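Visitor: Spelled out, the chains give:
Protein chains: 2
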Amino acid sequence: MISDKSLLLKTRQFLPGPTPIVSSNGFGTSVENIQYHRTENFYQVVTSCREKLARVMQTKSQPLIITSSGTGAMEAAVVNLTSEGDEVLVVNAGKFGERWSLLCQSYNCNVHELPVAVGDGLNLELFEESIKSKPKLKACFIQAYETSTGLCLPVEKISSILKAHSQALFVVDGISALCAQDLKMDSWHIDCLIGGSQKGFGVPPGLSFIALSSVAMEQFSDRQCFYFDLKREFKGQKKGVTAWTPAITLLEVLDQSLSKIEEIGLNNLIEHHSLLAQSVKLALKELGFVPLNEELCSNTLTAVYPPDGIDAKKLIQHLREKYKVICAGGQAGLSGKIVRFSHLGFVDTMDVLSGIAAVEFSLKDLGIDIRLGSGVGAFMQNLGKE
Amino acid sequence: MISDKSLLLKTRQFLPGPTPIVSSNGFGTSVENIQYHRTENFYQVVTSCREKLARVMQTKSQPLIITSSGTGAMEAAVVNLTSEGDEVLVVNAGKFGERWSLLCQSYNCNVHELPVAVGDGLNLELFEESIKSKPKLKACFIQAYETSTGLCLPVEKISSILKAHSQALFVVDGISALCAQDLKMDSWHIDCLIGGSQKGFGVPPGLSFIALSSVAMEQFSDRQCFYFDLKREFKGQKKGVTAWTPAITLLEVLDQSLSKIEEIGLNNLIEHHSLLAQSVKLALKELGFVPLNEELCSNTLTAVYPPDGIDAKKLIQHLREKYKVICAGGQAGLSGKIVRFSHLGFVDTMDVLSGIAAVEFSLKDLGIDIRLGSGVGAFMQNLGKE
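The listed protein sequences correspond, in order, to chains G and S. If you read the first sequence in the numbering used here, its first letter stands for residue 1, the second for the next number, and so on. If you read the second sequence in the numbering used here, its first letter stands for residue 1, the second for the next number, and so on.
Incorrect hints may appear among the rest.
You can't tell identical chains apart in this list, so a pair holds if it fits in one copy or across any two.
To be verified - In the SDA-like style, the derived pairs of lysine to any residue whose C-alpha atoms are separated by at most 25 Å in a straight line are:
#1 322 x 83
#2 322 x 290
#3 260 x 35
#4 324 x 35
#5 385 x 370
#6 238 x 126
#7 163 x 87
#8 322 x 166
#9 132 x 165
#10 324 x 44
#11 385 x 58
#12 231 x 83
#13 324 x 350
#14 60 x 285
#15 337 x 307
#16 324 x 43
#17 235 x 220
#18 337 x 39
#19 52 x 42
#20 134 x 213
#21 239 x 329
#22 235 x 98
#23 134 x 214
#24 313 x 35
#25 285 x 220
#26 231 x 108
Hints in this document: simulated from the structure, not taken from any laboratory. Please read these numbers as outputs of a predicted model, since none were measured by experiment.
Pulled out of the complex, with its shape left as it was, chain G reads as follows:
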């Protein structure tokens, strides 16, 4: 008798959280359930994400997933791996390098900074000297890509210099590089690698990722921490259990996105971004833009000075208002001086082509005498070459 009633039943949750969310139909007309995070089903989502993340990070270690922006994972690295007074070296090539310094300072590390000027690359000889002169160095912090300038740092080379002369932990912010750039965590001896959902993974913001090498796992500090306590997270996430309520819906999107990345193939995806970046740079140069750095460009963002006679801020505003093409400008000292044209996440060739066409129209609108189609042509010719 009663068994009939199990037919066609909808799932109904009466949990202390997550609770049904507001549906677009309004209150009371329908209920949308969010998967409960304390179930085998969801533990499998976490585990599946961690396994696939490990493959993107090219490591045998198991990355952790944190509900925070990428800065949260950066703080987790500093708080879990350093102690008060530790000597640390920060390669500061811009706003995100500066963030490492601010973080390490706020946790009372003894911070040495190696600045990299806009347009320059890291001076590897200076870096080597700096490492050699600090026998007690606890950790070295860098970005794989410095997003404020589009600079690509030579992670593998930096690692081999560091590891040749020091026991220091090598901590890499790969937030804007992962999925678009080889970052071989294990074979390059990266001790801590950090990512964020809203970059190459094509997932909304709200999740960050952090993987630790076995060397780093043996060097947890005794610092006070709670939300970012990685020891606790490792213990739970081994079974798919996050310490705190995670951003469940974002994890579900992440799981899908990582499957899509596996379907595409990591190497193909990196190649896609690399070719896009190269083609964008050629197109923008054709139109009179000047890259901040000619050689050391990231695969995910092309930062350029505008052609003579064009104001960067005005161009960005024009692109947005007239063509609904939204680019970022410069930050801090580069504010108003540059255009940052990004192409990371699930961006395809035609998306970028449309953006370049809009740049061409805008230059023309603003009085620059260009032959329409020349930027798009350069872009297409580079893509089409054998």
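Got chain G; can you put chain S on it based on the hints?
Guide: For chain S alone, kept in the frame of chain G given last:
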């Protein structure tokens, strides 16, 4: 000539983040843009959310929005408002009270705990004595609702006792109470009130909220912190600018949800939850369940011991497997002993009615001789009374 081209244009973003997300149609066939968080449009979303949150929290102060679980906001309270060695009092009525203690301990506060046993309420005389005996008390931490037992703590009374004898800050975890319970932050002299997106707000998990009184705003500690640095957040969020990339999509849902709450009316929503809770308790008692606490029940969760002869774990499993009705069990010492039947978020009367019907069917399946419809009847009669 060129102006035609601005017709019918789709928005295309080429930002360093957020990036286009993976669409359900797969890679390359369409691009879904996420609103950029460094725009006037998004600053307005943040500002609108903060203004509406302030009305739910019944305060003139401006709550902050953090991308983290509720525990992140709890940590923010401890790290921003206490210093090492500070004397603090924690009312510990269960798993979430314990979390305050663990947090304060991990930040080296001098923690005094006032335990509340399962089934009891807070002994207000003991509380008063405890406050009187601690002239240097820095802060008192409580839950409005202790979600592990469904206990409702008398926040207003606790506050008036505390404020009569002490300068201590009054910190209230309202995570599972807000939207379902009056929490008059200003008139009850709450110094710090905390909420979470995935509870009464009916938004997926990933956002937490924290409001500070003007008294608390003058007592920021000098502790090291970064991601949870509330001073920095206040400075930026005044203009709608979060310090770090926020969970943009969740903020958009929050904005909608808060508008829906205003449309319903906060008092009506609280009344709705109160009536639901009362009716659920009557229905479950009719079916032989015994509430953990007869009088001091939260409006969002009803915690009960099962009828004689019924194993709580087995009942929860049966409800899930046969009727797809998902309830939570007990935590820690209550594991396997109780059923927690929650009704918070955008839950309507018929949702809860279905849950009670499934409980009745399950009891019958498990061999308990009840008259089918008696629980649902009690529920409906309480709702239908004048």
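Visitor: In ascending order, which of the hints set out earlier in this document are inconsistent with the structure?
Guide: When the structure is compared with the hints, numbers 1, 6, 8, 11, 14, 25 turn out to be violated.
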